[in-house]
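Asks: What follows is each chain in one-letter form.
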Amino acid sequence: MAATTPSGWRTLGRELVGVGLIALVYLASARISLWFVAQPQGGVVVWPATGFLLASLLLSPRQNWRLIIATVFFVLVVANLGVGNSLAVSLGFALANCSEAALAAWLLERFIGAPLTFSCLREVLGLVGLAVILSNSMTAFLGAAVFALGFGSPFWPAWQMWWVAAGVGMMIVTPLVVVWWTGLNTLKSFTWPRAVEAVLLLTTSVIFVQSIFGVEVGHDNVFLFPYVILPVLVWATLRFDLLGAVTTLALLAVVVVWNTGRGLGPFVLWSADTAPVLAAQAFLSVAALTTLTFAAVITEHKQAKLTVQEAYTNLSRANQQLQAEIGERKRAQEELNFQKSLLECQSEAILDGILMVSPQEEWLFYNRHFIEMWRMPDEVAQARSSKVSIPWTLEQLVNPEQFSAQLDFVAKHPHAISQIELRLKDGRTFERYSAPVQSEGEVHFGRVWYDRDITQTKQTEEALRDSEIRSRALVNTAVDGIITTDKGGRITSFNPAAQHLFGYSADEVIGRKINILMPTPYREEHDRYMLDYQMTGVRKMIGIGREVTGQRKDGTIFPLDLSVSEIRLGGQRSFTGIIRDISERKQAEANQSQLLQELESVNRELNDFAYVVSHDLKAPLRAIGSLASWLATDYAEKLGPEGQEQLDLLVGRVKRMHALIDGILQYSRVARSREERELVNLNYLLAEVVEMLGPPAQVNIKLENDLPSVTGEVTRLQQLFQNLLSNAIKFMDKPQGEIRIGSTALEDAWQFYVADNGPGIEGKHFGKIFQLFQTLTPRDEFESTGVGLALVKKIVELHNGKVWIESTVGQGSTFFFTLPK
Amino acid sequence: MKQNKSILLVEDDRVDVLTVKRALKELKVLNPLSIVNNGEEALMFLRDENHEHPGIILLDLNTPRMNGIEFLRIIKQDPALKRIPVVVLTTSKEEQDKLDSFSLGVAGYMIKPVDYLQFVEVIRTIKLYWTLSELSD
Numbered sequence: 001m002a003a004t005t006p007s008g009w010r011t012l013g014r015e016l017v018g019v020g021l022i023a024l025v026y027l028a029s030a031r032i033s034l035w036f037v038a039q040p041q042g043g044v045v046v047w048p049a050t051g052f053l054l055a056s057l058l059l060s061p062r063q064n065w066r067l068i069i070a071t072v073f074f075v076l077v078v079a080n081l082g083v084g085n086s087l088a089v090s091l092g093f094a095l096a097n098c099s100e101a102a103l104a105a106w107l108l109e110r111f112i113g114a115p116l117t118f119s120c121l122r123e124v125l126g127l128v129g130l131a132v133i134l135s136n137s138m139t140a141f142l143g144a145a146v147f148a149l150g151f152g153s154p155f156w157p158a159w160q161m162w163w164v165a166a167g168v169g170m171m172i173v174t175p176l177v178v179v180w181w182t183g184l185n186t187l188k189s190f191t192w193p194r195a196v197e198a199v200l201l202l203t204t205s206v207i208f209v210q211s212i213f214g215v216e217v218g219h220d221n222v223f224l225f226p227y228v229i230l231p232v233l234v235w236a237t238l239r240f241d242l243l244g245a246v247t248t249l250a251l252l253a254v255v256v257v258w259n260t261g262r263g264l265g266p267f268v269l270w271s272a273d274t275a276p277v278l279a280a281q282a283f284l285s286v287a288a289l290t291t292l293t294f295a296a297v298i299t300e301h302k303q304a305k306l307t308v309q310e311a312y313t314n315l316s317r318a319n320q321q322l323q324a325e326i327g328e329r330k331r332a333q334e335e336l337n338f339q340k341s342l343l344e345c346q347s348e349a350i351l352d353g354i355l356m357v358s359p360q361e362e363w364l365f366y367n368r369h370f371i372e373m374w375r376m377p378d379e380v381a382q383a384r385s386s387k388v389s390i391p392w393t394l395e396q397l398v399n400p401e402q403f404s405a406q407l408d409f410v411a412k413h414p415h416a417i418s419q420i421e422l423r424l425k426d427g428r429t430f431e432r433y434s435a436p437v438q439s440e441g442e443v444h445f446g447r448v449w450y451d452r453d454i455t456q457t458k459q460t461e462e463a464l465r466d467s468e469i470r471s472r473a474l475v476n477t478a479v480d481g482i483i484t485t486d487k488g489g490r491i492t493s494f495n496p497a498a499q500h501l502f503g504y505s506a507d508e509v510i511g512r513k514i515n516i517l518m519p520t521p522y523r524e525e526h527d528r529y530m531l532d533y534q535m536t537g538v539r540k541m542i543g544i545g546r547e548v549t550g551q552r553k554d555g556t557i558f559p560l561d562l563s564v565s566e567i568r569l570g571g572q573r574s575f576t577g578i579i580r581d582i583s584e585r586k587q588a589e590a591n592q593s594q595l596l597q598e599l600e601s602v603n604r605e606l607n608d609f610a611y612v613v614s615h616d617l618k619a620p621l622r623a624i625g626s627l628a629s630w631l632a633t634d635y636a637e638k639l640g641p642e643g644q645e646q647l648d649l650l651v652g653r654v655k656r657m658h659a660l661i662d663g664i665l666q667y668s669r670v671a672r673s674r675e676e677r678e679l680v681n682l683n684y685l686l687a688e689v690v691e692m693l694g695p696p697a698q699v700n701i702k703l704e705n706d707l708p709s710v711t712g713e714v715t716r717l718q719q720l721f722q723n724l725l726s727n728a729i730k731f732m733d734k735p736q737g738e739i740r741i742g743s744t745a746l747e748d749a750w751q752f753y754v755a756d757n758g759p760g761i762e763g764k765h766f767g768k769i770f771q772l773f774q775t776l777t778p779r780d781e782f783e784s785t786g787v788g789l790a791l792v793k794k795i796v797e798l799h800n801g802k803v804w805i806e807s808t809v810g811q812g813s814t815f816f817f818t819l820p821k
Numbered sequence: 822m823k824q825n826k827s828i829l830l831v832e833d834d835r836v837d838v839l840t841v842k843r844a845l846k847e848l849k850v851l852n853p854l855s856i857v858n859n860g861e862e863a864l865m866f867l868r869d870e871n872h873e874h875p876g877i878i879l880l881d882l883n884t885p886r887m888n889g890i891e892f893l894r895i896i897k898q899d900p901a902l903k904r905i906p907v908v909v910l911t912t913s914k915e916e917q918d919k920l921d922s923f924s925l926g927v928a929g930y931m932i933k934p935v936d937y938l939q940f941v942e943v944i945r946t947i948k949l950y951w952t953l954s955e956l957s958d
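For the protein sequence lines, the chains are S and L, in the order given.
So for the first sequence, this note's numbering puts the first residue at 1; every next one is plus one.
So for the second sequence, this note's numbering puts the first residue at 822; every next one is plus one.
One or more of the hints may lead you astray.
[What the hints assert, rightly or not] SDA-like mimics (lysine to any residue), calculated; alpha carbons at most 20 Å apart, straight line:
(1) 849(L) - 952(L)
(2) 846(L) - 627(S)
(3) 842(L) - 786(S)
(4) 846(L) - 623(S)
(5) 340(S) - 329(S)
(6) 842(L) - 620(S)
(7) 919(L) - 670(S)
(8) 919(L) - 611(S)
(9) 897(L) - 918(L)
(10) 425(S) - 400(S)
(11) 914(L) - 658(S)
(12) 914(L) - 715(S)
(13) 846(L) - 635(S)
(14) 842(L) - 623(S)
(15) 914(L) - 891(L)
(16) 842(L) - 627(S)
(17) 914(L) - 623(S)
(18) 842(L) - 530(S)
(19) 914(L) - 400(S)
(20) 842(L) - 628(S)
(21) 553(S) - 499(S)
(22) 914(L) - 719(S)
(23) 914(L) - 606(S)
(24) 846(L) - 628(S)
(25) 897(L) - 924(L)
(26) 821(S) - 718(S)
(27) 919(L) - 715(S)
(28) 914(L) - 660(S)
(29) 914(L) - 659(S)
(30) 764(S) - 786(S)
(31) 655(S) - 938(L)
(32) 914(L) - 620(S)
(33) 914(L) - 718(S)
(34) 914(L) - 656(S)
(35) 340(S) - 499(S)
(36) 487(S) - 530(S)
(37) 914(L) - 617(S)
(38) 914(L) - 607(S)
(39) 914(L) - 670(S)
(40) 914(L) - 611(S)
Don't read these hints as lab results, they were simulated from the structure.
Produce the complete structure using the sequences and hints provided.
Replies: Here's what the structure looks like:
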């Protein structure tokens with residue numbers, strides 16, 4: 001045996017138990033059948049054991065058949081010996097019984113095929129034809145032979161009895177066992193109403209059949225109709241399929257056979273010599289055949305219906321899917337159409353030229369702009385092929401070899417993108433960009449070329465670059481420091497001059513706050529100042545140049561001139577500061593102011609000196625004058641006329657020197673003394689002066705217009721007019737002197753004139769007359785010190801005015817001067 | 822001249838002294854004439870118990886050691902001296918000198934002319950003033 005493993009032993013154990021059970025059931029069934037023979041209308045007419053054995057074989061695997069059959073054979077032999085049959089009879093019965101089931105099983109398995117479920121017509125017909133008719137009729141010969149030889153029974157009635165008993169057993173019991181064994185689990189799916197109906201069906205059918213087969217038949221009720229069991233069977237089959245059919249059939253068979261065996265029911269009257277049970281069994285076999293066939297057909301029908309339904313469901317699902325797919329495709333098509341028209345619209349609207357070329361160099365698509373920007377002749381465009389257009393394109397280019405090289409490159413690398421700048425011979429510049437057109441699956445449809453006219457951009461770019469280079473050069477070579485900051489005051493550029501000025505390199509300060517270049521306290525205040533400016537917009541520095549102080553890297557502080565301008569670039573505020581080191585200028589200014597102070601002090605000393613000296617000179621001069629005049633008086637006779645004249649001349653020169661010294665004193669006094677400036681009405685002032693001078697009668701002084709009031713020092717203004725007028729009077733050479741005075745208003749000053757009709761002055765002397773001690777006439781004719789006009793000039797200049805003269809010799813002079821308003 | 826009071830001349834220039842003497846003689850002024858060279862000497866003279874206080878002081882401003890203005894400041898503080906009339910006799914035409922002098926209560930301010938004859942006229946004027954003016958004392 002192969003069963004050497006524990007699981008093998010277990011399987012063997014299970015099989016042995018199964019085989020034992022089969023044998024026991026078989027034996028019990030046979031016992032019941034043999035007991036039934038003892039009934040009044042009996043005889044050996046029912047033999048369900050064979051049907052059971054056949055079902056057992058059909059449900060068992062083939063290799064177990066020998067064991068089952070051997071066991072049943074042995075049990076049968078023993079049982080027969082047990083009831084007193086001879087060994088030969090026992091062996092004969094056992095052989096006949098075993099062989100009929102074995103043969104039927106073999107035939108069914110051989111021709112119909114396992115496993116059998118009796119759910120189709122072929123299997124039902126196979127059971128009837130192969131098992132009940134063919135196998136059964138052959139083995140019935142064996143059984144009839146045993147009866148004839150062992151008990152002397154007539155052969156044909158025995159054969160008939162054997163055939164019917166075993167046949168009905170096969171027709172009713174075999175399907176019952178097989179269907180229940182294989183279809184037991186269908187009971188689980190029974191709902192309560194269905195279970196109730198099943199019980200109702202079985203009860204009703206038993207009661208109904210009992211009402212026909214359980215009555216004693218007489219002459220008055222000979223027409224009891226056995227076929228009324230058929231509607232019950234139809235009910236069972238229609239409602240409960242094969243399981244209902246075989247179960248009801250078996251139950252009714254028991255009722256029919258039982259009642260008939262007891263001498264009741266319609267078949268009892270049938271025949272005197274034929275056993276009523278046989279007749280009943282013939283009826284049952286017909287009922288069974290009909291029911292089984294019907295059940296099979298019903299099952300097949302239901303199966304077919306299910307199949308059709310399933311097929312229909314599948315079909316309609318497929319249909320729905322198909323419809324959905326069609327709808328999807330339609331939508332996709334519409335979307336595609338929309339995209340296509342959109343694309344066309346865009347490609348026409350776009351400023352770029354677009355050309356799509358297939359891998360075979362055919363033009364698939366191009367927009368109007370492409371043709372227009374290239375100014376492509378019709379014969380080139382209409383060829384719709386790169387074979388024609390490329391040679392033409394190359395002719396238009398300044399740099400055709402570059403473009404050829406790129407064409408070679410994209411031909412070798414169809415999935416690459418490309419970009420090139422094409423310079424056309426007509427001066428334009430195109431930017432040409434290309435990309436492969438491919439689907440996700442890497443299907444290569446060709447290549448799209450985009451052309452953009454960038455001539456203007458290019459020119460702007462170049463102009464911008466030039467200007468940037470220029471301004472960068474300007475900034476880098478500027479003598480002034482130039483610093484730019486962002487709106488937060490962080491340094492963004494720092495030119496070489498600024499680096500030299502502050503001692504920082506550009507790298508050190510860029511990104512840092514500008515206030516690192518400022519000394520305390522400006523450094524601390526700067527942040528707040530910037531914030532103030534941003535909040536209030538009030539400028540303290542921006543757009544205004546100022547002198548401030550800066551701090552170098554080494555901490556030294558220096559003065560600088562700073563001008564800041566604000567620039568807004570793209571919404572970003574930034575500041576540019578221009579810085580000039582004014583240390584030297586400051587130094588120069590300081591030097592100058594010191595020089596000026598020194599000069600002033602020297603000037604003052606000089607004035608004082610002039611005053612003191614002239615004062616001290618006067619004393620001895622006067623003494624000389626006095627002594628000379630005493631000599632002339634006291635020693636008149638001794639001197640004689642000649643000596644007298646010499647002493648007169650001496651006294652005259654003393655007087656002149658005295659006048660000169662007075663002039664010096666007057667001149668220096670003008671520079672020395674300072675009065676408060678006040679508003680002076682010149683009309684009054686002039687009147688006083690004229691009165692003081694007391695001009696001779698033949699000189700007429702005429703005021704030609706009202707003089708304005710000016711701000712000035714009263715005494716000096718008096719001296720000014722006094723000197724001019726006294727000059728005019730003093731030098732007057734005409735019998736009728738005419739002096740005219742007037743003023744005109746200039747933009748920011750008054751211009752005055754004093755005109756006379758005196759001798760006039762030559763042009764070459766115009767500069768000289770305003771110098772100190774310069775006179776134009778001989779001193780002996782006019783006692784003039786030459787101080788007057790120098791004084792005039794000095795006074796006018798002290799009042800921030802100018803003085804000049806216009807004159808014609810012989811006709812007169814006009815002195816002009818200005819005084820600020 | 823008045824009650825034969827003396828005249829004090831504060832003058833360092835010998836020619837000017839001569840001029841004054843000559844002019845006084847010419848004008849027949851016979852009052853005694855005391856001459857000091859500068860303000861310091863003048864103070865010493867005035868504070869000397871042996872000397873009678875002069876009837877008038879002729880003061881040159883531009884004198885060495887102590888000039889006329891300084892001298893004026895001192896005597897005008899001195900209760901014993903401040904009432905003596907002082908006539909400034911100077912070459913200075915400076916406004917400031919005139920202001921200072923009059924502020925210090927001088928009786929007159931005379932410019933020494935260059936011409937001797939004019940000088941005599943000046944002295945004549947002083948004589949006239951001194952003769953006519955009432956004096957304290």
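Asks: Are the Cα positions of residue 914(L) and residue 617(S) separated by 20 Å at most?
Replies: holds, 14 Å
Asks: Are the Cα positions of residue 914(L) and residue 623(S) separated by 20 Å at most?
Replies: holds, 17 Å
Asks: When you check the alpha-carbon spacing of residue 914(L) and residue 660(S), does it fall within 20 Å?
Replies: Answer holds: residue 914(L) to residue 660(S) is near 14 Å, not above 20 Å.
Asks: Holds or violated: are the alpha carbons of residue 919(L) and residue 611(S) at most 20 Å from each other?
Replies: holds, 16 Å
Asks: Measure nothing beyond the straight line between the CA atoms of residue 914(L) and residue 670(S); if it is 20 Å or shorter, mark the hint as holding.
Replies: holds, 14 Å
Asks: With a cut-off of 20 Å on the C-alpha distance, tell me whether residue 914(L) and residue 891(L) pass.
Replies: holds, 18 Å
Asks: Given the hinted pair residue 842(L) and residue 620(S), is their alpha-carbon gap at most 20 Å?
Replies: Given pair residue 842(L), residue 620(S) holds - Cα atoms ~17 Å apart, limit 20 Å.
Asks: Taken at face value, is the distance from the CA of residue 620(S) to the CA of residue 914(L) at most 20 Å?
Replies: Holds. Residue 914(L) to residue 620(S) sits at ~16 Å (cutoff 20 Å).
Asks: Is residue 340(S) close enough to residue 329(S), meaning Cα to Cα at most 20 Å?
Replies: Judged against 20 Å, a Cα distance of about 16 Å means the pair holds.
Asks: Measure nothing beyond the straight line between the CA atoms of residue 914(L) and residue 611(S); if it is 20 Å or shorter, mark the hint as holding.
Replies: holds, 11 Å
Asks: Given the proposed pairing of residue 553(S) with residue 499(S), does the C-alpha separation stay at or below 20 Å?
Replies: Status holds; Cα separation ~10 Å.
Asks: Tell me if the straight-line CA distance from residue 846(L) to residue 628(S) falls inside 20 Å.
Replies: Between residue 846(L) and residue 628(S) the Cα gap is close to 19 Å, so the pair holds against 20 Å.
Hints 3, 18, 19, 35 from the earlier list are contradicted by this structure; the remaining hints agree with it.
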